[in-house]
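**Student:** Going down the list, the protein sequences come from chains A and B.
Numbering-wise (my numbering), the first sequence opens with residue 594 and increments by one.
Numbering-wise (my numbering), the second sequence opens with residue 594 and increments by one.
FYI, nobody ran anything at the bench for these hints, they're computed from the structure.
Possibly wrong hints are sitting among the right ones.
To be verified - Some chain B residues well away from chain A (every beta-carbon gap over 12 angstroms; in silico):
no., residue
1, F635
2, R663
3, F671
4, L677
5, F807
6, S899
7, K929
8, K971
9, V1137
10, R1143
11, Q1248
Said to hold, decoys possible - For the chain B half of the interface with chain A, some residues (derived, Cβ under 8 angstroms), not all of them:
no., residue
12, S804
13, I806
14, E1098
15, M1099
16, R1178
17, P1199
The structure displayed is predicted, hence computed values, not measured ones.
Backbone N, C-alpha and C fix where the C-beta goes; we use that ideal spot for every residue, glycine too.
Number of protein chains: 2
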Amino acid sequence: MRTLLTRAAAIFLLAAVSAAAPAEKLDLMPVPSSVILTEGTFRVDEDFSVAAVGGTGVRASRGASRFMARLAGRTGLFLKQDFLSLEGDGENAAFIYKYGRLGDLTPGEDESYAITISPDRVLLVARTDLGVLHGFETLLQLLASDRGGYYFPCVQVGDSPRFAWRGLLIDCARHFMPVEVIKRNLDGLAAVKMNVFHWHLTDYQGFRVESRIFPRLHERGSDGSYYTQAQVRDVIAYATDRGIRVMPEFDIPGHSTSWFAAYPEFAAGPGPYRVERRFGIMDPAFDPSNPAVYGFFDRFFGEMASLFPDPYLHIGGDENNGRQWDENPDIQAFKKANRIFDNQALQAYFNGRILEILRKYGRRMVGWDEILEPGLPKDIVIQSWRGPKALADAARQGYAAILSHGYYVDLCQPAAFHYGNDPLPSNGGLSAEALPFVLGGEATMWSELVSPETIDSRIWPRTAAIAERLWSPAEVRDAGDMYRRLEAVALELEELGLTHYKNQEMMLRRLAGGEDVAALKSLVDVVEPLEQYKRHSQGVDYSVLSPLTRLVDAAQPESRTARLFDAAVTAFLRTRDRKSADELRGHLRRWQSQAEALKPVLARSPALAEVEPLSRGLASAAAVGLEALDVLSAKTVRGQDWVREKSRILTRIRQPQAHAELAVIISIERLVTAAGRKS
Amino acid sequence: MRTLLTRAAAIFLLAAVSAAAPAEKLDLMPVPSSVILTEGTFRVDEDFSVAAVGGTGVRASRGASRFMARLAGRTGLFLKQDFLSLEGDGENAAFIYKYGRLGDLTPGEDESYAITISPDRVLLVARTDLGVLHGFETLLQLLASDRGGYYFPCVQVGDSPRFAWRGLLIDCARHFMPVEVIKRNLDGLAAVKMNVFHWHLTDYQGFRVESRIFPRLHERGSDGSYYTQAQVRDVIAYATDRGIRVMPEFDIPGHSTSWFAAYPEFAAGPGPYRVERRFGIMDPAFDPSNPAVYGFFDRFFGEMASLFPDPYLHIGGDENNGRQWDENPDIQAFKKANRIFDNQALQAYFNGRILEILRKYGRRMVGWDEILEPGLPKDIVIQSWRGPKALADAARQGYAAILSHGYYVDLCQPAAFHYGNDPLPSNGGLSAEALPFVLGGEATMWSELVSPETIDSRIWPRTAAIAERLWSPAEVRDAGDMYRRLEAVALELEELGLTHYKNQEMMLRRLAGGEDVAALKSLVDVVEPLEQYKRHSQGVDYSVLSPLTRLVDAAQPESRTARLFDAAVTAFLRTRDRKSADELRGHLRRWQSQAEALKPVLARSPALAEVEPLSRGLASAAAVGLEALDVLSAKTVRGQDWVREKSRILTRIRQPQAHAELAVIISIERLVTAAGRKS
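This is chain A alone, in the form it adopts within the complex (with noise of 0.2 angstroms):
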């Protein structure tokens, strides 16, 4: 199911990459398979215009007039040409667009596409529609501009993805996401070529659907807050429009509380339930041993298998600790009665029947790690959150397997982590007969700390590194390149709503009680939230409930401010040279004053008061830095002593603030270091 490239063609892709001149360095993301710069540019003007040759469909011809929206949009050009209709003139197009049949929805489908350009035509060809609109997406990411207007630079682009399988999970039911953040981030999906979106709708603390026929589910389980069926029909069609698959989670057995807040009796323990509103782990389960479960879930099913029609059904299987099973003496009896003698066999009993009924309805399994136990049939699909040693395992013994560990875009890690993480790592072992097992890989977006405000900020760009890591070739990984290029698209990503950015200075306006943030957006640019759970453990206890409008949430996963300050320190030490310094000196002043600055803001907004230790830190340690960078500059060292007691210094300001922490200090303790030894 996967598409193979051969190193050679990867290699030559690079070279011709690299052969471009500067001025035309592109900004591809993901990089296309092969890209071969030719002479010239295509001119854009306000008669550009596109056709389809040879027929075309609505997903196509809708994507094309999305594509003359934005291309307007992104130069202020009156283009002349009306709304795309599917008898277009075709042949007289500045870019035309062909393709030779409509795309089906499964992974493994065709989505390559060829772009050619040279100056008087641009030509984009696909095998299926699919491939037409992610050329759409390469052609914008080509436009270009001088001084003469705007452009595509002639180029000849050959491409497709590597995996077959590229999506993005989002958790709707800890903290539920209105339709329209769904929208916004299937188009940024679809801008970076990925073709599922992965859709976690029930858990312990929601369940987000509605059903008509357990009309409970939906109304004792979500608060009022759940997807119509009219809503999940409107998303669906949207993501198909789009060329993406949409894979529902109804994580069962555990997870599972907000269902018997409806139906307590399908519940393995006695209850009374609620919906659930702190995080982690939980108890409740489905009673495996219950007749009438399967009963349910046939009906439960049936009914959501008519409501979303990808062949892929995610049944979750995660996490259940099986205490619930343990003390219900009913289980005990049908464990003994069935010859079960663990509870993993007991839940792969209850994946067996659970199975039965997605064939039933023509649905293949998906699940997480847990449900992969021996006995279970092919055809089901293991999604890894363990590690590339299960994924590796799962594809060993014939399982399709999709990865999610290493891409936890809710634990706010950098995107070279996520870069660097392979489906299939070049020491991973895998036979070439395992190899077209692992189809692919998934982004994770839970949900725990994240609001429809903020939710956007902590799924991109850093997704669209992992987007590339899916689909481009798998030599394909300068995080240095990565960086530069995920910035631009990055920005490019604003135009499709995604408010990544510009919710940032509207929380701080909230923040300050104002307009004027300036220092405000000094300290949160280099401010970056907790990794991975350790917002969990700093003393407060998160709930659904919780705020999520503080300092931390403003604050970007990853400084950018602070990735080019490191790399500012290295030049520095590298060259000692007077711009160099010159540069490190500008931040650390500013990050000096911003404390004096930030005073008055923070003396009248109580919400910021936890934000002082971390002003106060902040410029003590851009004190340390300069006085460092002065010792640098003089050609001079300092004793260890000096060192020791600097080092204790950022040492304490490293600490955990707000659940957050400084994100520079680390390259100041580099300057520190430096200044204590002979240069």
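Since the structure of chain A is provided, determine the placement of chain B on it from the hints.
**Tutor:** Quick look at chain B alone, frame taken from chain A:
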């Protein structure tokens, strides 16, 4: 239908507010009928909770849950209370609300409320749950903070609206606005106590609602952009939950090209028809002599009446130029046969037939000024775009009427202009009997020149000034104080997802092609879009496909910087003090330097090329201003030749550029004029 306040009560209010200590200056908008500050504060901490006493309905309890979420969001407090249920414990809560009955969503329903805050209790009482919702909004505006944390000042508020009909029209025909645009604006309306969403659903450029009886209407009339009936119901439910009526408008017999793309046989002219792309007044109109037209409308309005529960239905009726009627011999024969002597009378005949249909479905007819013709019954409502005189005429004749003239927020006029526009001007001379027929007013957001990206910035915050005009006592009319409060409410509106501020920097980033938009921001901050209809006469023919992503689109309709600069000029010319001079100099120097800073940005962005004259003009004007300021600061004076030369320069700079103008030139001219005479 109008709640009349005595003048005494209003004056009492002003006295009460102005008696407050400066620190307690309240940012309430709209200003309540009566506010009396008392001693002390109610402190808000994590134990703060809310409950209903005496039973509650879902509308109020959902409103209370939203209130708590916004309170947590603003304060960062981890409030302990769970989502509100209908079975709250009541008496133990710090904040108690109670009301007598569920409110009806009809004009004139009781919306009054009273708030009493003492140091240990917040009490909100209302006759209906609609009043409770208004009370929640007032309470959120009362939230204040000091070094000790957040609090509500102790206060007694008594409040009810001056007018029963306080609305906003959004034109979703010329540019389609997705559901989320509508929803966030409904939240904005609720925040400023408006209670009507007037949904302009059809026009030349689009038919935007699904018809199941006549699906060709949305299929052929919308280019695929329409609201499904499920979405309409969703919007109505959302509005109802916020105490807002949803009145649909189907504009007939003119403004109807999009209908004829589906049903050309109902037009008075021969066609062919396609959905219109351009703007202006067009010829197509329904054929009032065709009996099939009324059969069609009978079924169509029957369907729409079952979809839209509001008792009022708007039929437009404006700007039918009669050309198609004049050119159609059948219509001429029909007029003759029925002794209809002109097109006005013919339209009155048409309206009479439509009125019968609407009555059959229990709907009251609303229309623009033009529908007011002799012989129409008194149960119709006139919406006046022509002006207060037309409004008063209608009221005198016993027609209920609402004012929109002077509330066209799409025309980018200052908030103070709208604010000064009263449905019942003090010199209006309406008799006491006629007064109650003036129901209120509606802001209108026509969408020729807005996209989902920019529409909020054209509606907000200025519509809040209109909301105050329609809610607060007539005597509340200090524009300076209105602007002070408007700035506060503008920031609060952001928490509802409105994009009036946050989309600006995003648009600047797109234009600049990068993150650093400081120089561009200092330019755009003093730029205003051309007012009224002047953008349509700049040599570019706007269509529904034109890009709305240029600098003029990123500019706010009313420059806050220009307003503050003008106030500083006034202060300086009065005092000639150093501090005022320094403030002016600071502005002028920034404007002088932006041109240089912008050069590299303009060079790399062809979309910004049109902005160069604005940038250069601002720098030149700033230089003139600095020169005048030097003269004035030195207490010297310049001759009239100098004044004439500088004025000539400034007059040239004031000319429209890039469909925008510089809003500070007029203030700089004041400096020049002052420098030309003895101080």
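**Student:** All hints are to be evaluated individually against the structure, with a verdict given for each.
**Tutor:** Here is how each hint holds up against the structure:
1. F635: holds (15 angstroms)
2. R663: The claim breaks: B:R663 does not keep its Cβ more than 12 angstroms from every Cβ of chain A (closest is about 10 angstroms).
3. F671: violated (5 angstroms)
4. L677: Its Cβ does come within 12 angstroms of chain A, the nearest being 10 angstroms, so this is violated.
5. F807: Given a closest Cβ separation of 20 angstroms, the condition holds.
6. S899: holds (17 angstroms)
7. K929: For B:K929, whose nearest Cβ neighbour in chain A is about 41 angstroms away, the distance exceeds 12 angstroms, so it holds.
8. K971: Holds, since 40 angstroms exceeds 12 angstroms.
9. V1137: Non-interface label on B:V1137 violated, nearest chain A Cβ at 9 angstroms vs cutoff 12 angstroms.
10. R1143: At roughly 5 angstroms from the nearest Cβ of chain A, B:R1143 sits no farther out than 12 angstroms, so the non-interface label is violated.
11. Q1248: Per Cβ check, B:Q1248 is outside 12 angstroms of chain A; nearest 20 angstroms; holds.
12. S804: With a closest approach of 16 angstroms, the B:S804 hint is violated.
13. I806: violated (19 angstroms)
14. E1098: Check passed: Cβ of B:E1098 comes within 6 angstroms of chain A, closer than 8 angstroms.
15. M1099: Result: holds, 5 angstroms to nearest chain A Cβ.
16. R1178: Violated, about 19 angstroms.
17. P1199: holds (5 angstroms)
Violated hints, in rising order: 2, 3, 4, 9, 10, 12, 13 and 16; the structure is consistent with all others.
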